[in-house]
Structure formats: structure tokens, C-alpha cells
Amino acid sequence: MDAAFFRDWMTAAAAAVESQRDHLTQLDAAIGDADHGINMARGFGAVTAALEQKGTPTPGSVLTLAGSTLISKVGGASGPLYGMALRSAGKALGEAPDADLHALAGALEAALAGVQKLGAAREGEKTMVDALAPAVSALAKALAEGTPADGALSALAAAALDGAQATISMQALKGRASYLGPRSVGHEDPGAASMALILGALRDVAAQRAP
Amino acid sequence: MKKLINAPDSVVADALAGVAAAHPSLAVDIENKVITRAGGPTPGKVGLVSGGGSGHEPLHGGFVGLGMLDAACPGEVFTSPVPDQMLAATKAVDAGAGVLHIVKNYTGDVLNFQMAAELAADDGVEVTPVVVNDDVAVQDSLYTAGRRGVGATVFVEKIAGALAERGAPLADVAAMAAEVNERSRSFGVALTSCTIPAAGKPTFELGDGEIELGIGIHGEPGRRRAPLAPAAELAAAVMDAIHADQPLAGDLLVMVNGMGGTPLIELYLVYNEVHKYVTGKGARITRNLVGNYITSLEMQGFSVTVCRLTDALGQLWDAPVDTPALRWGR
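Chains as they are written, first to last, in my numbering: chain A, 1 to 211; chain B, 212 to 541.
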């Protein structure tokens with residue numbers, strides 16, 4: 001997976017977030033302040049623009065630029081958290097012109113570690129971590145079992161989706177939803193939903209490029 | 212929902228252009244979304260920076276001026292501003308005595324201000340943050356993101372601002388800000404939700420006979436839903452919550468704040484109930500604010516913020532202030 005792959009991933013993520021913007025906003029209206037869809041669409045729109053304007057010769061530089069752009073454009077908690085996730089992933093990929101599946105897995109683990117360090121969320125608190133952590137585990141498991149790329153990334157995306165769905169029954173312990181206490185139960189977390197979209201886009205781009 | 216806008220995407224920029232045109236005392240950088248005093252920083256004075264999502268006007272831009280803030284960073288509607296804004300503001304107000312960041316306790320605000328403070332430190336500017344978390348509606352526990360920063364933000368900005376204007380050092384200004392926060396408690400009630408321009412419909416639905424108790428300032432639901440009741444009962448519910456958390460005693464500064472959509476006639480009516488309640492507890496309101504100071508777009512409702520005053524705090528509250536939203540003593 002070269003820099004062009006990662007650019008395609010970010011572009012696909014932007015498209016996914018834009019197409020689901022109202023849905024994300026609705027999720028955020030139920031347990032937040034109704035701006036997640038708007039903010040993510042704006043942020044990822046800026047990411048696409050930045051990738052068109054600036055040179056990104058390596059996979060790492062793509063994710064680092066995306067992360068920095070999100071920090072500068074999204075605001076709220078999502079900006080720093082997604083920004084940290086992508087910057088951590090970009091840093092983990094280093095200067096290599098190419099990333100194989102193992103490198104990608106390592107980058108996503110770094111993303112998770114970065115998000116958890118900044119936001120202090122653990123699994124089960126109804127956040128983006130509840131989509132990202134299971135996805136990282138599923139990818140690691142698939143790699144350990146020798147699953148080829150498309151199967152491994154499908155497992156990643158499916159785990160993220162399942163993880164986002166699982167947030168429905170959780171009570172929010174972090175972020176704005178936590179102010180609602182028990183009333184946050186019964187609603188999907190918007191951050192987990194957007195994380196599932198972004199990881200789904202990763203699987204989609206890989207599937208499109210598969211021989 | 213009818214709104215006075217041109218397009219949802221340009222609300223903040225269009226409004227900032229209006230603020231710039233209306234207030235020559237302010238320097239408004241629309242592109243970077245930073246509002247500062249037109250006269251620039253005062254040499255040797257601690258700079259005060261705050262910020263938050265737009266939609267809470269006059270907070271924070273309306274409080275930039277003598278005796279209060281040096282800079283305000285408006286984000287998108289109900290969205291924390293980004294580190295770039297706070298960094299630009301911090302450097303703009305740095306007058307050699309350091310900078311105080313007044314941060315409302317929301318995950319986004321805290322994270323973005325934290326990032327900005329780190330960047331500012333890298334550039335050699337000393338920054339001390341103070342977190343405002345006066346809302347009694349949320350339990351401060353391991354199970355929440357902590358108490359929200361609401362009405363006390365206004366008190367912190369005024370009182371710490373007055374101390375800074377006297378030339379006090381950063382540590383003292385920060386300590387004063389923290390003291391005001393610690394001595395203040397707030398609680399709010401909503402009769403309606405509000406509509407974010409880009410969302411197009413209210414964030415939550417309240418029936419005709421329903422109210423929401425323990426609201427924040429972002430249109431999100433609160434502690435619980437309850438039936439509409441006369442103002443006396445609603446005021447008592449609000450004051451009970453505040454009193455249970457920090458008993459009303461001595462001299463008080465009280466703000467009856469409109470959430471944006473409630474008329475002044477109703478706010479004064481509520482103030483009457485609050486005044487009776489406070490007197491009934493044997494305390495005295497020696498200073499007050501009644502009006503729209505920290506709003507939530509067009510939400511109908513009110514919040515009360517109570518600060519237990521000391522002589523020092525009272526004097527700082529009385530000190531001259533010259534901002535679009537608060538102006539006295541000059």
C-alpha cells in the first residue's frame with residue numbers, strides 16, 4: 001500500500017462521512033449537541049483539499065497531514081481525538097514509501113494508543129474507542145491466522161461496525177453524552193459510528209484495488 | 212425553524228463581520244476567528260484568553276475589552292475552537308506577563324486549549340489554564356466528563372479580568388479565577404431546545420407541557436424532563452439544586468441568565484422569585500445581572516449562577532469594565 005492508496009483511503013473516508021453527515025448529526029442530536037456530522041464533513045473535506053494541495057510522498061505523510069488538518073479544522077473533541085489518531089498512525093508508518101498489512105496494523109494500534117492517551121477512554125465508555133479497539137484486535141487476529149489482505153480488512157471493518165452498534169446499549173462515561181447519564185443508553189455513539197465509516201472506507205479502497 | 216441567516220455555512224463569518232462593524236473597540240480577524248482589543252495588549256498586563264463555540268453570544272466576544280478579556284476565539288456553532296485560534300490569540304495578547312486561558316469544562320474545549328497551551332509554551336509564552344466547572348446538574352464523578360462550565364464563566368472573566376487590569380501577576384490572576392469558579396454554582400431550565408443552523412431542526416423535542424431540568428448551553432438534554440410549572444416552582448427547583456450543592460449564605464452575586472429565546476419580562480419575573488428564595492434562606496443579593504449573557508442560540512429558558520462573594524471579589528466585580536456586553540465604572 002503506497003501513498004496513493006492512503007490518499008484514496010482518506011478521500012473515500014471523506015466521501016463516506018459526507019454522505020452520512022445527516023445520520024451522524026442525528027446520532028449526535030440524541031446524545032450530544034448535533035454537530036458531529038457537520039464537523040466531520042468539514043474536517044474531512046479539508047483533508048481532501050489539503051491532500052490535493054500538498055505533496056505526500058509516503059503513507060506516513062498522508063496520515064500525518066490528514067491528522068494535522070483535522071486538528072485545525074474540526075474543533076470540538078473530535079478534532080483533537082481524530083487528529084491524534086491519524087498523526088499517531090502516520091508517525092508509526094515512518095518514512096517508508098510503502099506499508100504492508102503488518103505496518104498498517106501497527107499504525108492502527110498506534111492510533112488507538114494515541115486516542116486513549118489523549119482522551120483517557122477505555123472500551124465500554126461509549127466512544128470512538130469502542131469501534132477502533134475491536135477493529136484493531138480483529139486485524140491483529142486475522143494477521144496472526146494468516147488471513148490475506150481482503151479478508152483481514154473485512155474483519156477490521158466488520159468489527160468496527162459491530163463495535164459501533166454495541167455502543168447502543170452502553171451508558172456514556174465520556175464526552176458530552178456523559179452529561180445525560182442513563183439517558184444516553186439506547187443510542188449509538190456518533191464518534192463510534194464515524195470511526196466505523198472511516199475504517200469501512202479503508203476496506204472498500206483495498207477491495208477496489210484487489211487484483 | 213425560521214432563522215435570520217444567509218446560509219448555514221456562513222453564519223459565523225457573517226456574524227463576526229457584523230461584530231467588527233458594530234464595535235470599533237474590537238479587532239476582529241474573521242479569517243482566523245480571533246477577536247482582540249483594538250488597542251492591542253497592555254504592556255506588562257496578564258492577557259486573558261477565552262473561547263468556545265459560537266452560539267453563546269455575547270459570550271465570549273462580547274466580553275473583550277477593558278477590565279475583562281483580551282481575546283476571544285469563536286468556534287463553529289457549539290463546537291470548540293481549534294488550537295490554531297487559541298495559539299494566535301495567546302501570542303496576540305502576550306504582553307510579557309503571561310496569559311490566562313479561561314476554559315469551560317467540555318472535553319473539546321479542554322483538549323483544544325491544552326494543545327494550544329503546549330504550542331504557546333514551545334514559543335516561549337507562559338500560559339496558565341483555569342477550568343470553569345460550575346454546573347451542578349452533572350455529577351462530577353468517574354462516570355461523567357465532569358461538571359460543565361456555564362454561567363460562572365462570565366463571573367471569572369469579569370473578576371479575573373479586573374485583577375489583571377490592576378497589573379497583578381499571572382499566578383494571582385489564575386488563583387482569583389479559580390476562587391471565583393469554586394465559589395460559584397449554576398443550574399438551568401429549558402422550555403425549548405434550539406436549532407443549529409446547519410442541522411435545520413431542534414436538537415431535541417420538548418412537548419408543550421414539558422420542560423428540561425439541568426440543561427447545558429449546547430442544546431443538549433439535561434438532567435431530566437419535568438412538567439411545565441409556574442415560574443415560582445421552576446425558580447425554586449433551580450435554587451434548590453444550587454443550595455443543595457453549595458448552601459446560600461452571606462453576600463451573593465446572582466445572575467439570572469436568559470438562554471437566548473426568553474424575553475426580559477420573564478427573566479425579571481424569574482429574578483423576583485430568585486430574590487425571594489435567597490432572602491428566605493437568610494442570604495443577601497448584593498450584586499446581580501439579569502439578561503442574556505451566556506446563551507444557547509434561541510433556546511427558551513434560563514439559568515441561575517450564584518457566587519458567594521468576599522469583599523475582594525465584590526470590589527473586583529465593581530471595577531470598571533468596557534466591553535460590548537458589560538460596561539460600567541467609566
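It is worth saying that the hints were derived from the structure and are not from the lab.
Heads up, some of the hints might be wrong.
Unchecked claim - Lysine to aspartate or glutamate pairs mimicking DMTMM-like chemistry, simulated, CA-CA at most 25 Å apart: (1) LYS412(B) with GLU95(A); (2) LYS213(B) with ASP22(A); (3) LYS117(A) with GLU242(B); (4) LYS117(A) with GLU329(B); (5) LYS91(A) with ASP334(B); (6) LYS91(A) with ASP295(B); (7) LYS91(A) with ASP451(B); (8) LYS54(A) with ASP22(A); (9) LYS54(A) with ASP456(B); (10) LYS117(A) with GLU477(B).
Said to hold, decoys possible - Computed list of chain B residues with no C-beta within reach of chain A, every gap over 10 Å: (11) VAL288; (12) LEU417; (13) TRP539.
Just so you know, even glycine gets a beta-carbon here, dropped at the ideal spot from N, CA and C.
Now for the hints, and whether the structure bears them out:
Only pairs whose Cα atoms come within 25 Å are accepted, and LYS412(B) paired with GLU95(A) is rejected, the gap being roughly 46 Å. Only pairs whose Cα atoms come within 25 Å are accepted, and LYS213(B) paired with ASP22(A) is accepted, the gap being roughly 19 Å. Simply put, LYS117(A) and GLU242(B) have alpha-carbon atoms about 32 Å apart, too far for the 25 Å limit, and the pair is violated. This hinted pair checks out: LYS117(A) and GLU329(B) have alpha carbons roughly 16 Å apart, not beyond 25 Å.
A C-alpha spacing of about 23 Å is found between LYS91(A) and ASP334(B), which places the hinted pair at or below 25 Å, so the restraint holds. Distance check on the hinted pair: LYS91(A) and ASP295(B) sit about 21 Å apart at the alpha-carbon level, within 25 Å; holds. The hinted pair formed by LYS91(A) and ASP451(B) fails the criterion: a straight-line CA distance of about 52 Å is larger than 25 Å. The suggested pairing of LYS54(A) with ASP22(A) is violated, with an alpha-carbon distance near 29 Å, which exceeds 25 Å.
Distance hint between LYS54(A) and ASP456(B) is unfulfilled; the C-alpha atoms sit about 53 Å from each other, more than 25 Å. A C-alpha spacing of about 46 Å is found between LYS117(A) and GLU477(B), which places the hinted pair above 25 Å, so the restraint is violated. Not every CB of chain A lies more than 10 Å from the CB of VAL288(B), the least distance being 7 Å, so the non-interface label is violated. No beta-carbon of chain A is positioned within 10 Å of the beta-carbon of LEU417(B); the least distance is around 13 Å.
TRP539(B), annotated as away from the interface, keeps every beta carbon of chain A farther than 10 Å; the closest lies near 33 Å.
In terms of the numbered hints stated before, the structure departs from hints 1, 3, 7, 8, 9, 10, 11, listed from lowest to highest.
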